[in-house]
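K.L.:
So you can see what is in the structure, the chains are spelled out below.
Number of protein chains: 2
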Amino acid sequence: MSGCGAETGLMSVDQALATIVDRVHALASESIPLRQALNRYLAADIHSEIDLPLFSQSAVDGYAICSNQSVLENSKFELIGEIRAGQDQNLQLENGQALRIFTGAKIPEGTTTVARQEIVTPLSPDQIQINIALEMHADIRDIGEELSRGQLLANQGQHLSVGAIAALAMAGVQQVEVYQFPKVAVVITGDEVAKSIDDFSTGKIFDANAPLIQAWFEQQQQNVNIYHVEDTELALQQLIQQLKQECDVILTTGGVSVGDYDFVRPVALAQGFQQIFWKVKQKPGKPMLFAEYQRSSGDFCYLLGLPGNPAAVFVGMQIYASTLLQALQGQPKLPNWFSATLKQSVKSDSRERFLRMYAYFEQGQLWVENLSKQQSHMLSNLMSANCLIRIPENQVLSAGSTVQGLFL
Amino acid sequence: MSGCGAETGLMSVDQALATIVDRVHALASESIPLRQALNRYLAADIHSEIDLPLFSQSAVDGYAICSNQSVLENSKFELIGEIRAGQDQNLQLENGQALRIFTGAKIPEGTTTVARQEIVTPLSPDQIQINIALEMHADIRDIGEELSRGQLLANQGQHLSVGAIAALAMAGVQQVEVYQFPKVAVVITGDEVAKSIDDFSTGKIFDANAPLIQAWFEQQQQNVNIYHVEDTELALQQLIQQLKQECDVILTTGGVSVGDYDFVRPVALAQGFQQIFWKVKQKPGKPMLFAEYQRSSGDFCYLLGLPGNPAAVFVGMQIYASTLLQALQGQPKLPNWFSATLKQSVKSDSRERFLRMYAYFEQGQLWVENLSKQQSHMLSNLMSANCLIRIPENQVLSAGSTVQGLFL
Chain D
1 MSGCGAETGL MSVDQALATI VDRVHALASE SIPLRQALNR YLAADIHSEI DLPLFSQSAV
61 DGYAICSNQS VLENSKFELI GEIRAGQDQN LQLENGQALR IFTGAKIPEG TTTVARQEIV
121 TPLSPDQIQI NIALEMHADI RDIGEELSRG QLLANQGQHL SVGAIAALAM AGVQQVEVYQ
181 FPKVAVVITG DEVAKSIDDF STGKIFDANA PLIQAWFEQQ QQNVNIYHVE DTELALQQLI
241 QQLKQECDVI LTTGGVSVGD YDFVRPVALA QGFQQIFWKV KQKPGKPMLF AEYQRSSGDF
301 CYLLGLPGNP AAVFVGMQIY ASTLLQALQG QPKLPNWFSA TLKQSVKSDS RERFLRMYAY
361 FEQGQLWVEN LSKQQSHMLS NLMSANCLIR IPENQVLSAG STVQGLFL
Chain L
1 MSGCGAETGL MSVDQALATI VDRVHALASE SIPLRQALNR YLAADIHSEI DLPLFSQSAV
61 DGYAICSNQS VLENSKFELI GEIRAGQDQN LQLENGQALR IFTGAKIPEG TTTVARQEIV
121 TPLSPDQIQI NIALEMHADI RDIGEELSRG QLLANQGQHL SVGAIAALAM AGVQQVEVYQ
181 FPKVAVVITG DEVAKSIDDF STGKIFDANA PLIQAWFEQQ QQNVNIYHVE DTELALQQLI
241 QQLKQECDVI LTTGGVSVGD YDFVRPVALA QGFQQIFWKV KQKPGKPMLF AEYQRSSGDF
301 CYLLGLPGNP AAVFVGMQIY ASTLLQALQG QPKLPNWFSA TLKQSVKSDS RERFLRMYAY
361 FEQGQLWVEN LSKQQSHMLS NLMSANCLIR IPENQVLSAG STVQGLFL
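Chains as they are written, first to last, in full-length UniProt numbering: chain D, 1 to 408; chain L, 1 to 408.
Possibly wrong hints are sitting among the right ones.
[Claimed, not checked] DSSO-like, lysine-lysine: derived pairs with alpha carbons at most 30 angstroms apart:
{"no.": "1", "chain 1": "D", "residue 1": "Lys347", "chain 2": "D", "residue 2": "Lys373"}
{"no.": "2", "chain 1": "D", "residue 1": "Lys333", "chain 2": "L", "residue 2": "Lys343"}
{"no.": "3", "chain 1": "D", "residue 1": "Lys279", "chain 2": "D", "residue 2": "Lys373"}
{"no.": "4", "chain 1": "L", "residue 1": "Lys343", "chain 2": "L", "residue 2": "Lys373"}
{"no.": "5", "chain 1": "L", "residue 1": "Lys347", "chain 2": "L", "residue 2": "Lys373"}
{"no.": "6", "chain 1": "L", "residue 1": "Lys333", "chain 2": "L", "residue 2": "Lys183"}
{"no.": "7", "chain 1": "L", "residue 1": "Lys76", "chain 2": "L", "residue 2": "Lys183"}
{"no.": "8", "chain 1": "D", "residue 1": "Lys183", "chain 2": "D", "residue 2": "Lys279"}
{"no.": "9", "chain 1": "D", "residue 1": "Lys343", "chain 2": "L", "residue 2": "Lys343"}
{"no.": "10", "chain 1": "D", "residue 1": "Lys333", "chain 2": "L", "residue 2": "Lys333"}
{"no.": "11", "chain 1": "L", "residue 1": "Lys279", "chain 2": "L", "residue 2": "Lys347"}
{"no.": "12", "chain 1": "D", "residue 1": "Lys343", "chain 2": "L", "residue 2": "Lys373"}
{"no.": "13", "chain 1": "D", "residue 1": "Lys76", "chain 2": "D", "residue 2": "Lys183"}
{"no.": "14", "chain 1": "L", "residue 1": "Lys279", "chain 2": "L", "residue 2": "Lys333"}
{"no.": "15", "chain 1": "L", "residue 1": "Lys333", "chain 2": "D", "residue 2": "Lys373"}
[What the hints assert, rightly or not] Covered by chain L, according to a simulated footprint, are these stretches of chain D (three or more residues, beta-carbon under 8 angstroms):
{"no.": "16", "stretch": "10-22"}
{"no.": "17", "stretch": "174-186"}
{"no.": "18", "stretch": "281-295"}
Calculated directly from the structure, the hints in this document are not laboratory data. Even glycine gets a Cβ: it sits at the ideal position worked out from N, Cα and C.
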């Protein structure tokens, strides 16, 4: 363990997150087809352009009935035809008449109630009998009973989950105004990182960071460009110079500490980036850099520099990159931490720790269990981890303590 | 409300799910690149082909030291060179010598400990001083300390989450043996469903089901073919005849009840499908059909027939389609229900209900709050719902009761 926790004046995790939320400018919006909008965020309220349901319809397979008086047990009605879902027959029922009707079909004019088929006996091709007394207006879905035309259907900022997309589709929405998804470039630094199996040789390691980040974006239906760059100031400078003009976000891994070959920060500063913060009092991931560059157009390019250890990259993506990407999409919000109960005591540290743990429910209570192999160069416990838990600095955390976390 | 809950002999939700889990045959496996394997399941154990770490390496930027005795305060060492991450210099340190070393660099032969740069003063280009006493073997990540070559890295059945992919990549895994993802065809029935905005006319409705199902699969990095079919026996029969030869799963929406135009079940049976179950004691989604067809090759095509109401489709996908797809991928498991506490009392029914609710944490306790507009033709509460909650049949569920559910 390097005793770097002793370093003073570091920013706390909460301060770092609040800074991202306060500082980042949302991107512009764009109009895209609803079917391509999964996991995006609405940039404007949507008011319904239709009534929902769009017309009064039968809730069952049965018979539409017109009766000037209460429908008593064993009432008989003249059967004058049939209407199916999707049809529009412009029929008018008169007193004493009935029409065969199916679920979702438009309720004909004159209908006073609907009799579901289970309580009806057809007596002849032209006559039916209702076997039990029937209340008025039974089994009818009324026009607009869910939502009236002009009513608010979805708020600005609404996350377009699978369910939200279905609900918008049902209201006839085909196109949505959403925040742009940031254009992201990922820069993997470090001469030790083998770019491919052919590039592998003694002293090098297999790269977990590019696959991790690629999969993390794929999980959100996004692709990113990944660049590998050698540990020279010139190579990094040329790449940053190009990317700062093209991207909304540059995510780097490695080279962000104070080593002789840690070029990310000096290159970023030399390229005109303003440091927003550097170094967070956390483990893993202390030497994290957050900086911004303002283009002559007025737009910003943000640089999130993560340390190269894969555990630091994992935490950086789950906690910081997600907060940054949401803020860029008009959602300046802190992570929505859950609270859970520790199953075993956990060792605190002079820096706040993020531990990979296993969470499970028991009688409405969320418990979290520690996993071994938490060091920053180890990842294999991610096979069983399902959450990241915050362990505050310098505290005694016995079994039964309440902690905050995020599901993975 | 159609009083269909009164119907006797219906299968329970738990029975229906257990039947899927017991009955479904897993698909064969295939070998694919790790980078394309997000959210798939391993079909075989993976033993590590390398040690992790692959070689002993420095955990810090500092100096590799060779000392036959304890390193005391203000010890001096001869500085003989430098080694960076990714390099392999085949250097041999002798007693009294030191080498500049960086995080992740290979520990040279002869190293007894590492001094992090914060505790070292360079005295000249050839000499350094260690300012404080140093323990043996400090700040060294040992070869194989996370995992030895040949050790079990991941189990058959492992879900390939973002973290699991990163952990496998770090162990040099490039190709994985996973269960095939089922080939799925989606069949949307119902003449009332407008196929597009041009197809829209009075009596028709905007289709929520195709967008819902498409987004649901997209969330899991999968595409499906969606077919719209008119409500005639012939059209449905021709389509099923073709799909049963090509697909592992046919998902249908609508046309699965007992109405005069409900052709899914009769067509499936006529096409050689064996009914596994039909009708589940649940709301929404009672007239659900599950059937299988065995091809002459011995392979199976499963048909999951969901009712046409969008809420029934939503529940059907979250609860039943997910269980079916997992079983086909070698994971015959019931849903992993959480337990939570009801904030308000909830009305029970003669059938088990699935309610869309809002879940939130308070002091390690998960609470769920009811939402309005729960009817099966309504979806707008999915803008705020984040879970599906099971309300058992015929029970008094007061505030404070424990219920089961799934996050959305």
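K.L.:
None of the hints should be skipped; say for each whether it holds.
P.N.:
A quick look at each hint next to the structure:
For the hint linking Lys347 (chain D) to Lys373 (chain D), the alpha-carbon distance of about 14 angstroms falls within 30 angstroms, and the restraint holds. For the hint pairing Lys333 (chain D) with Lys343 (chain L), the CA-to-CA distance comes to about 25 angstroms; that is within 30 angstroms, so the pair holds. In summary, the hint linking Lys279 (chain D) to Lys373 (chain D) is supported, as the alpha carbons are separated by about 24 angstroms, within the 30 angstroms threshold. Under the criterion of a C-alpha separation no larger than 30 angstroms, the hint pairing Lys343 (chain L) with Lys373 (chain L) is consistent with the structure, at around 17 angstroms.
At most 30 angstroms may separate the alpha-carbon atoms for a hinted pair to count; Lys347 (chain L) and Lys373 (chain L) meet this at roughly 14 angstroms. Distance hint between Lys333 (chain L) and Lys183 (chain L) is fulfilled; the C-alpha atoms sit about 20 angstroms from each other, no more than 30 angstroms. Annotation: proposed proximity of Lys76 (chain L) to Lys183 (chain L) is violated, straight-line Cα distance about 68 angstroms (limit 30 angstroms). Under the criterion of a C-alpha separation no larger than 30 angstroms, the hint pairing Lys183 (chain D) with Lys279 (chain D) is consistent with the structure, at around 25 angstroms.
Note on Lys343 (chain D) and Lys343 (chain L): the hinted pairing holds, with a Cα-Cα distance of about 25 angstroms set against a maximum of 30 angstroms. About 36 angstroms separates the Cα atoms of Lys333 (chain D) and Lys333 (chain L), which puts this hinted pair outside 30 angstroms; it is violated. With a C-alpha separation of about 22 angstroms, the suggested pairing of Lys279 (chain L) with Lys347 (chain L) holds against the 30 angstroms cut-off. The suggested pairing of Lys343 (chain D) with Lys373 (chain L) is violated, with an alpha-carbon distance near 39 angstroms, which exceeds 30 angstroms.
Pair hint Lys76 (chain D) plus Lys183 (chain D) does not hold up; C-alpha atoms about 68 angstroms apart against a cutoff of 30 angstroms. Under the criterion of a C-alpha separation no larger than 30 angstroms, the hint pairing Lys279 (chain L) with Lys333 (chain L) is consistent with the structure, at around 21 angstroms. In summary, the hint linking Lys333 (chain L) to Lys373 (chain D) is supported, as the alpha carbons are separated by about 28 angstroms, within the 30 angstroms threshold. Under a criterion of three residues with beta carbons nearer than 8 angstroms to beta carbons of chain L, the stated coverage of the stretch 10-22 of chain D fails, only 0 such residues being counted.
Check on the stretch 174-186 of chain D: 1 of its residues sit with their Cβ under 8 angstroms from a Cβ of chain L, so the three-residue criterion for coverage is violated. Here the stretch 281-295 of chain D counts 0 residues with a CB under 8 angstroms from a CB of chain L, which misses the bar of 3, and the coverage is violated.
When the structure is compared with the earlier hints, violations turn up for hints 7, 10, 12, 13, 16, 17, 18 and for no others.
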